[in-house]
Amino acid sequence: MNPELGDLEELYQEVILDHSRRPRNFGELADAAVRVHGDNPACGDEIHLGVKFDGDGGLQEIKFTGHGCAISQASASLMTTKLKGKSRDEVEEMLRAFHDLVTTETNNDAPKKLGDLLVMRGVRKFPQRVKCAMLPWRAVGQALRQSEGEATVSTEEPEFA
Amino acid sequence: MGARPVEGLIVDHKSCGCRSSRLRIKWREPGLGADYLMHKVATSRVDWSALRADFPILRERVNGHPLIYFDNAATSQKPRAVLDVVRSYYEHENANVHRGLHALSARATEHYEKSRQRVADFIGAASADEIVFTRGTTESINLVAQAWGGKFLRAGDVILLTEMEHHSNLVPWQLLSERIGAQLRFVPVRDDGTLALEKLSSLLTPEVKMLAFTHVSNSLGTINPVVDLCQKARAVGAVTLVDAAQSIGHMPLNVQELGCDFLAFSGHKMCAPTGIGVLYGRSEIVESVPPWHGGGEMIVSVTLEKSSFKKPPHRFEAGTPNIAGAIGLAAAIDYIEGIGRAEIFQHDVDLAGYALKRMAELPGLRVLGPERDRGGVISFVMDAAHPHDLTTFADQYGLALRGGHHCNQPLMRRFGVPGTSRASFYFYNTREEIDRMIEILEKTARFFK
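Keeping their order, the protein sequence lines are chains P and A. For the first sequence, position 19 (counting from the first letter as 1) is numbered 19 according to the working numbering, and the numbering increases by one without interruption. For the second sequence, position 403 (counting from the first letter as 1) is numbered 403 according to the working numbering, and the numbering increases by one without interruption.
Just so you know, not all the hints are guaranteed correct.
Said to hold, decoys possible - Calculated cross-link-like contacts (lysine to aspartate or glutamate; reagent style DMTMM-like; alpha-carbon spacing at most 20 Å):
no.	chain 1	residue 1	chain 2	residue 2
1	A	K443	P	D7
2	A	K443	P	E14
3	P	K125	A	D395
4	P	K125	P	E9
5	A	K449	P	E90
6	A	K449	P	E14
7	A	K449	P	D18
8	A	K443	P	E10
9	P	K52	P	E90
10	A	K443	P	E4
11	A	K443	P	E9
12	A	K449	P	E4
13	A	K449	P	E10
14	P	K63	P	E148
15	A	K443	P	D18
16	P	K82	P	E4
17	A	K114	A	D334
18	A	K443	A	E433
19	A	K357	A	E433
As the list claims (entries may be wrong) - To give an idea of the interface, some chain P residues facing chain A are shown, with a C-beta separation under 7 Å as derived from the structure:
no.	residue
20	G6
21	L8
22	F26
23	C43
24	G44
25	A70
Stated by the list, open to error - Label-pair ranges, simulated between beta-carbon atoms:
no.	chain 1	residue 1	chain 2	residue 2	range
26	A	D334	P	R24	20 to 28 Å
27	A	G294	P	G149	41 to 49 Å
28	A	E207	P	G6	51 to 59 Å
29	P	D100	A	R52	25 to 33 Å
30	A	E305	P	G149	49 to 57 Å
31	P	P127	A	V236	43 to 51 Å
For the record, the hints were derived by calculation from the structure and aren't laboratory data. For glycine and all other residues, C-beta sits at the position ideal for the given N, C-alpha and C.
Same shape as in the complex, but just chain P:
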């Protein structure tokens, strides 16, 4: 522990730095049913998510490419390892639980099922970084909604273009 790092130590836990340096499930998913591009125009971060569903609509395969800050990249990496093989309901539940984890200051009883994702909890002390952590999750939410084809989601939803 380095006391002068304060909240940074919780934000940038070793697991997070490791996932940002060596992201898991990084690469193109050749036979993806859905491709979702997630943009954070405020900082230029990009996540390109490829998803394949099983017969029941569960997440059979999920991979991503893109570039961005350590938080967005690690969040995408951790997310893909967690969601692979999960049913649609489980993914939706995880999405809600993760959103609460990184946005709720007082949330000390996060669901145990978040498992490894709990390392992202430090983000809630840095409100400006919530969008970074949520970017891949917004993309996966869109993938569930559309089930096939291609889409783009943005942390700043364009309302008039």
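Given chain P's structure and the hints, the job is docking chain A onto it.
Just chain A now, with coordinates in the frame of chain P:
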């Protein structure tokens, strides 16, 4: 910096509008165009660290560390002199302007209009009637694009901008050109962050009706040759607009010497409150510009069917203006001129030069923008850390940087980076703070490597 005094050329202060009694020497800034003359003075006369005491916020601690405020290109801090004037206005003069017959309204009106004259003197305008108060640079540029552009531009006309423009000097022109069918053209930016001026002659054709460009780049620190650009634009009959947001509080500036038709700036980047800005419009041009916003204050007479409008500047100030803001801006001008804009520029250049030298010692760190002839704005990228991570990390040590695209998305694309970290200085910053930044950047690189 390679600036050299022009030998034997000792000048008065008619051109700069500053009130200092000190003798100044004109100096020539290489790369700024042959006619661009700056003043150079010995900055040792100014006790820079004593000025810090005028800024209460500089005593703040952030995350347990003394605040190091290096986000001055976004907004500057405010000295007590400005805060006091604004407070005093509300305590002793507050009333609406230009319509009340009572004593307070007269006081407020007089102070507001005196502030307009103060701005005119500060930028060397021929008359206070050339000074329109706005909300800031962005609103000033929108006023020109919509009111002037809407009347005088036609389908097929060309608006010439540069690749380094802030979104505020790009998006208003996009909106206009979409509406009327005008075309946008751009002066490219060289790899070193300067404008590719050799391309100008092929871009600046007779179809160009407006050349709008920034004086100092908010990302790269590049200082553009305003005099030269305005002359060339005028030669083809184009109107010019200078975005002076980053230069106004940082260097001597005189609109008649620059030769521009319009000039836009914000108060908040030069020690004044937010929400007040200025559009300078040369009288010959601004008089022909139709109203933009309609409402009270800007009319002569109104019937149910039709209205007639005041002359500039009041034609463009519909509704109750930001009176306290204008008065605060005049107080900021007094404060800045008490230091001297030439001194402030020299201090910026000294700090930027020192920071560039120290940053060159850091492996894996790349600075964007020109190596010399630049203002106190430094954008950089670090191999080890994304700009967002770097900025969050630095903040933990009380160092306020900006991380991101700085409202310069096309420019970031031009340099192939998603964004940068940016340190931007003002006169209350010190070399010691830069040393501390270097330590923090070293820690950052170690942490993320």
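Here is how each hint holds up against the structure:
1. K443(A) <-> D7(P): Satisfied, since the Cα-Cα distance of roughly 15 Å is no more than 20 Å.
2. K443(A) <-> E14(P): holds (16 Å)
3. K125(P) <-> D395(A): holds (13 Å)
4. K125(P) <-> E9(P): Given pair K125(P), E9(P) holds - Cα atoms ~11 Å apart, limit 20 Å.
5. K449(A) <-> E90(P): violated (35 Å)
6. K449(A) <-> E14(P): Status holds; Cα separation ~12 Å.
7. K449(A) <-> D18(P): holds (11 Å)
8. K443(A) <-> E10(P): holds (17 Å)
9. K52(P) <-> E90(P): holds (16 Å)
10. K443(A) <-> E4(P): holds (11 Å)
11. K443(A) <-> E9(P): This hinted pair holds, its Cα atoms lying about 13 Å apart.
12. K449(A) <-> E4(P): holds (18 Å)
13. K449(A) <-> E10(P): Given that 20 Å is the threshold and the Cα spacing comes to 17 Å, the pair holds.
14. K63(P) <-> E148(P): Roughly 15 Å between the alpha carbons, so the hint for K63(P) and E148(P) holds.
15. K443(A) <-> D18(P): holds (18 Å)
16. K82(P) <-> E4(P): violated (32 Å)
17. K114(A) <-> D334(A): Roughly 12 Å separates the two Cα atoms, so the pair holds.
18. K443(A) <-> E433(A): holds (15 Å)
19. K357(A) <-> E433(A): holds (14 Å)
20. G6: holds (6 Å)
21. L8: holds (5 Å)
22. F26: Interface hint status for F26(P): violated (16 Å vs cutoff 7 Å).
23. C43: Holds: closest Cβ of chain A sits about 5 Å from C43(P), inside 7 Å.
24. G44: For G44(P), the interface hint holds, since the closest Cβ of chain A sits about 3 Å away, which is under 7 Å.
25. A70: Cβ of A70(P) sits 5 Å from chain A, so the hint holds.
26. D334(A) <-> R24(P): 20 to 28 Å: The hinted range 20 to 28 Å is violated for D334(A) and R24(P), with Cβ atoms some 60 Å apart.
27. G294(A) <-> G149(P): 41 to 49 Å: For G149(P) against G294(A), whose Cβ atoms are near 47 Å apart, the range 41 to 49 Å holds.
28. E207(A) <-> G6(P): 51 to 59 Å: Roughly 58 Å apart at Cβ, these two residues keep to the hinted range, so it holds.
29. D100(P) <-> R52(A): 25 to 33 Å: Because 43 Å falls outside the window, the suggested range is violated.
30. E305(A) <-> G149(P): 49 to 57 Å: holds (55 Å)
31. P127(P) <-> V236(A): 43 to 51 Å: holds (50 Å)
When each numbered hint is compared with the structure, violations occur for hints 5, 16, 22, 26 and 29.
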